[in-house]
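**Q** Knowing the structure of chain C, use the given hints to seat chains W, E and B on it.
Note that the protein sequences, when read in sequence, are chains C, W, E and B.
Just add 6 to the spot in the first sequence (first one is 1) and you have our numbering.
Just add 6 to the spot in the second sequence (first one is 1) and you have our numbering.
Just add 6 to the spot in the third sequence (first one is 1) and you have our numbering.
Just add 6 to the spot in the fourth sequence (first one is 1) and you have our numbering.
Since the hints were derived computationally from the structure, they do not count as laboratory data.
There's no promise every hint is true.
Said to hold, decoys possible - Distance condition first, Cα-Cα at most 35 Å in a straight line; then the derived DSBU-like pairs of lysine-lysine: (1) B:K12 x W:K86; (2) B:K201 x B:K151; (3) W:K207 x C:K151; (4) B:K121 x B:K73; (5) B:K86 x W:K12; (6) W:K151 x W:K182; (7) E:K76 x B:K182; (8) E:K207 x B:K151; (9) W:K151 x C:K201; (10) B:K86 x B:K182.
Number of protein chains: 4
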Amino acid sequence: MLIVMKPRATASETEAVVDVITAIGLRAHPMPGATRTAIGITGNEGPIDGRRFENLPGVAEVIRVTKPYKLVTLDLHPDKTVVRVGDATIGGSEIAIIAGPCAIESREQAFTVAKAVQKSGARFFRGSIWKPRTSPYTFQGLGDKAWQIMTEIRDAFGLKVVTEAVEESHVGLIEKYGDVIQIGARNMQNFSLLKRAGRSKLPVLLKRGMAATLEEWLLAAEYIMAEGNYNVILCERGVRTFAQHTRNTLDLASVPAIRRISHLPVIVDPSHGTGTAYMVTPLARAGIAVGADGLMVEVHNRPELALSDSAQALTPSQYAQLIEEVHAVRNVMPPAADGLNAN
Amino acid sequence: MLIVMKPRATASETEAVVDVITAIGLRAHPMPGATRTAIGITGNEGPIDGRRFENLPGVAEVIRVTKPYKLVTLDLHPDKTVVRVGDATIGGSEIAIIAGPCAIESREQAFTVAKAVQKSGARFFRGSIWKPRTSPYTFQGLGDKAWQIMTEIRDAFGLKVVTEAVEESHVGLIEKYGDVIQIGARNMQNFSLLKRAGRSKLPVLLKRGMAATLEEWLLAAEYIMAEGNYNVILCERGVRTFAQHTRNTLDLASVPAIRRISHLPVIVDPSHGTGTAYMVTPLARAGIAVGADGLMVEVHNRPELALSDSAQALTPSQYAQLIEEVHAVRNVMPPAADGLNAN
Amino acid sequence: MLIVMKPRATASETEAVVDVITAIGLRAHPMPGATRTAIGITGNEGPIDGRRFENLPGVAEVIRVTKPYKLVTLDLHPDKTVVRVGDATIGGSEIAIIAGPCAIESREQAFTVAKAVQKSGARFFRGSIWKPRTSPYTFQGLGDKAWQIMTEIRDAFGLKVVTEAVEESHVGLIEKYGDVIQIGARNMQNFSLLKRAGRSKLPVLLKRGMAATLEEWLLAAEYIMAEGNYNVILCERGVRTFAQHTRNTLDLASVPAIRRISHLPVIVDPSHGTGTAYMVTPLARAGIAVGADGLMVEVHNRPELALSDSAQALTPSQYAQLIEEVHAVRNVMPPAADGLNAN
Amino acid sequence: MLIVMKPRATASETEAVVDVITAIGLRAHPMPGATRTAIGITGNEGPIDGRRFENLPGVAEVIRVTKPYKLVTLDLHPDKTVVRVGDATIGGSEIAIIAGPCAIESREQAFTVAKAVQKSGARFFRGSIWKPRTSPYTFQGLGDKAWQIMTEIRDAFGLKVVTEAVEESHVGLIEKYGDVIQIGARNMQNFSLLKRAGRSKLPVLLKRGMAATLEEWLLAAEYIMAEGNYNVILCERGVRTFAQHTRNTLDLASVPAIRRISHLPVIVDPSHGTGTAYMVTPLARAGIAVGADGLMVEVHNRPELALSDSAQALTPSQYAQLIEEVHAVRNVMPPAADGLNAN
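Next comes chain C alone, as it looks inside the complex (with noise of 0.2 Å):
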């Protein structure tokens, strides 16, 4: 932290905030120059909320230097993470293909798409169980009747599976009957739900919120290890702007930028990214180009007919294609692109 002085701060302003930052147990640092003092800060363990020094009289302006981050960091932790789901790895060498339905809704809807799954020769099916709706009064997933559904898939197909916990109660039944504990975007700066994921054993998969900036995700992810759970993985799938072509923005350059601060996997989903059928396949080439260790994709076998979020559905087959074309991209990568030294 360091905060810059006005030019014709006075000495006895600098005083004042110099008192303030011992008054906070931490250890000040004036650094007189030509035209302008500034004060370095040092002492803290966790981060310094340094605004509270932009009120104070002869303050011009206060500087961050430090990440307020730790465990998520290449720093502590230098080689990649992969996480291991049984024989199953998203973050290694295969790209990690997380596929199925938005949410369950019959036998034979899930069946019927965890077979084509099964075929494309993806490890993950996803699935939800209970779905966070914007409106009360539309579908809201099967609930829990839907674990028996999930239990027959798991042993017929050998699939993981991947669903998300609403609510803190999910996530017991999760670690009872699924493989993976999904956080969705809604639910990435609700804390205790984040607490709760990082005492389990499972992986989670933690989506990027809405309006969240690259921090504030890292720190989500934070919430998680620091409870003691390492297996944590990123999914970019887009953000909220101005643009209407698309349901979300998909920021793509969040792949690279991850992979220079941090040593966690990170995944794309172009569905909930994109919103529209007809996009999800070149940007689902797009992220497998752009370096993410896999993706996540819905597909439906009567998209038209979906309970929920039908417009980004893909048919079996063309899902079946997008699978084609994204091990071809991903086999022409450098080698490096897909690894920590990409960039």
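**A** Positioned in the frame of chain C, the structure of chains W, E and B alone reads:
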């Protein structure tokens, strides 16, 4: 819902759309035109996910005609809602002022601030018991031990207590010791929490999410009301934009926009809405001038030592000046500006 | 400028950074610390593009300390600027009202509106001669033949004429027939046009660009002032965000933010800032309450027949009501709120 | 255009709307329904400003049905446009690479970079003669004396010259000495400049504005085409959002979105789109993978000494590696991905 077919759509493409409409239990009304056919849809109870039609062959555009909310609207409740909390009101003829520190830090801090709040004539005292913080390493609130302090303040000053429920279990505690349940911006779409608050008998103050459209915000209120709790107060607290001179961009146009659609009272939070103390008073005046029913303001006896959000807290004397100024503005407001006929 | 090296940066990496600083003609001040070295930079006349250092080996972060503008600041001009246009002022003790139709459409339309404007006590008449329109197929303004109408209005009503220069050649015409040169939001970074306006003797009203940060807006003003024209009026007219209940999101916090940095007067345009007639009056009151020096308001004798921006125009009687309300708010403003000591 | 009346709108309110429709020369088609009346509008040549109806009594909503552009669309020109510049093409089977320094700084710099560009097989050399800069105090380009250098490069390397016209007078100079006229993001709605470029015989590369919707961008292209110049190349270069890990947020979904609507070629600029050198290559791969027709890339022989945008320039060897990687991606693209049947 209106589906507009492409100019060259074939009759069989139009029929296929009609079939899907029928398959999901609705009625189709094809309307052939000179250059293109439009198909109206009726028979729906709640909203339809019209985006399912977007990818069908021959479809040019899908246009939503009706709004997805009901209980929040003036259509169903043409009189403005006045929320009563004991002998105080929000949405009535008085300005509702909710003031206090960001978080309860100590008995001395809370009492000093509460005294200033009471002296100003305000009826509501705010102060977080539990703080949702972006970083796991910063002050998270005193937790349950703050209730003792809150209870004493309620008794000593006769102020109504407003505090945020960060998880479902908090709602019961607020019902026991507090007066108004606050739902924070980060939890605006934590639907489990909204439903729990909807089953409470206490009023709910619902902050706008950081990237929430007006419709999403009103649908979050609809979640609470759909459970039977009609005492909802909306709170504009700024949204996330590219602008960097404030922490959030306070969107005061949301106040007249809500007035046009909804009977619910709406207040403005210039403290979180700007994040900077020197802006709070000008924006508080603007909030009252635009027609808000009240204000939420952060006050601290020693802002520079506050454990959270120190940059935006006013001192007791700055706060007293703010109250004077906003009353002066309110006194010259045209009769209808705070009511339903404002626009 | 401050360059912070990584904790494990080597001495030779630090030296390489120092060499680049020297190579571009500046002075480097390395400051070794307990865990990392910071390097201060001095000797620059204007701003430095500090991002050049970001990719050098060993560099953790580049921190800008000084602001890139000069002439707009209170540092150089501690007294607030009052722009004088004949016997009228902007930035002084009166509220500056600039009102009129979006575009001059006909003699009858312009005269009807001008009469209402004069009657309200406003001193400035606005009306576009040339309209920058998003689509090439919509009304583009009457062009040069509107000058005849403008000249008659100026003579008949004694109003000062404010009109937008869409290209450099327009500036000369405004100098001949008008009183204030407006630079529109779309042209805020049309630097050739800014420089041309900077060489004019007429005051310049500079609208904020749709996605302009405060700094970019002030730098656009700096372009005008750097050419010698110090009579610049800033105009907040809303920015582009994800919100859809308004055409733009009016960012009223920009008014106190500018007051803190700059001596230039600032007005608010609630017509373009909301895009919807029913919101204009509430936001006009808010604009005055936040401390703006004036307002720009669109008025049309028959809004529903207007050739451009019809949804946001007020009728003459709605406008008269607005003027009454904003004067009432202004009369109760605290003494400093419209001046430099406001905050 | 469709106007939806409120459920309780009276017959005379509906008639008043019909009267306005007639008054502006169009035809009204009232369609009474069970609960409300809708009124269709036909007879318009160009787009109608439907917002004029929003404030009429009884109107609930105004819905636009047709799009405001024509010449850019596939409806009018079902084959993809291939822009030819001498023996090079943009939009055809080859990847169009436009590379070079941000600005021409010296003969030596320009030649060193041009040599690397030629060696990579690229056909287009970029380099600003005039630089639109946010601050008046930073390097503004060499201006006219850079033409001598450009002319030598064109002769020596056989590269086509792409440079930005910052004002109308520049267009004539580019016609004399260059090959492609670039319109920058800040000037995307400088309609005078667009019209001037539209009267040129040279192709125009049109960058997307910082806050431009897809529709506004296409309408800017429509301005150029409406003057008779059909050789327009669109360039996605990122938009402004709240995100801070990049200078702009590259919106790659705009590429398939444009393909669906327009026959114009579209390229991606990962240099301005990210603002940071280490991200350029991953996003260049992603740009090709999403289906773009080419790339614009900034290259500098000594990025750390560049006079503008130094943080985003690649070295010649980084650039050579990028070219190799994007060709590898292009070679595995599905046949339709670069063409009109992509989606």
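**Q** Against this structure, judge whether each hint is valid.
**A** Now the hints, each set against the structure:
Restraint check for B:K12 and W:K86: satisfied, since their Cα atoms lie roughly 20 Å apart, inside the 35 Å limit. For the hint pairing B:K201 with B:K151, the CA-to-CA distance comes to about 26 Å; that is within 35 Å, so the pair holds. Between W:K207 and C:K151 the CA atoms are separated by roughly 31 Å; this keeps the pair inside 35 Å, and the hint holds. At roughly 45 Å between alpha-carbon atoms, B:K121 and B:K73 are farther apart than 35 Å, so this suggested pair is violated.
Note on B:K86 and W:K12: the hinted pairing holds, with a Cα-Cα distance of about 20 Å set against a maximum of 35 Å. A C-alpha spacing of about 14 Å is found between W:K151 and W:K182, which places the hinted pair at or below 35 Å, so the restraint holds. Restraint check: the Cα-Cα separation between E:K76 and B:K182 comes to about 39 Å, which exceeds 35 Å; the hinted pair is violated. For the given pair, E:K207 sits about 31 Å from B:K151 by alpha-carbon distance, which is consistent with the 35 Å threshold.
Only pairs whose Cα atoms come within 35 Å are accepted, and W:K151 paired with C:K201 is accepted, the gap being roughly 21 Å. Restraint check for B:K86 and B:K182: satisfied, since their Cα atoms lie roughly 28 Å apart, inside the 35 Å limit.
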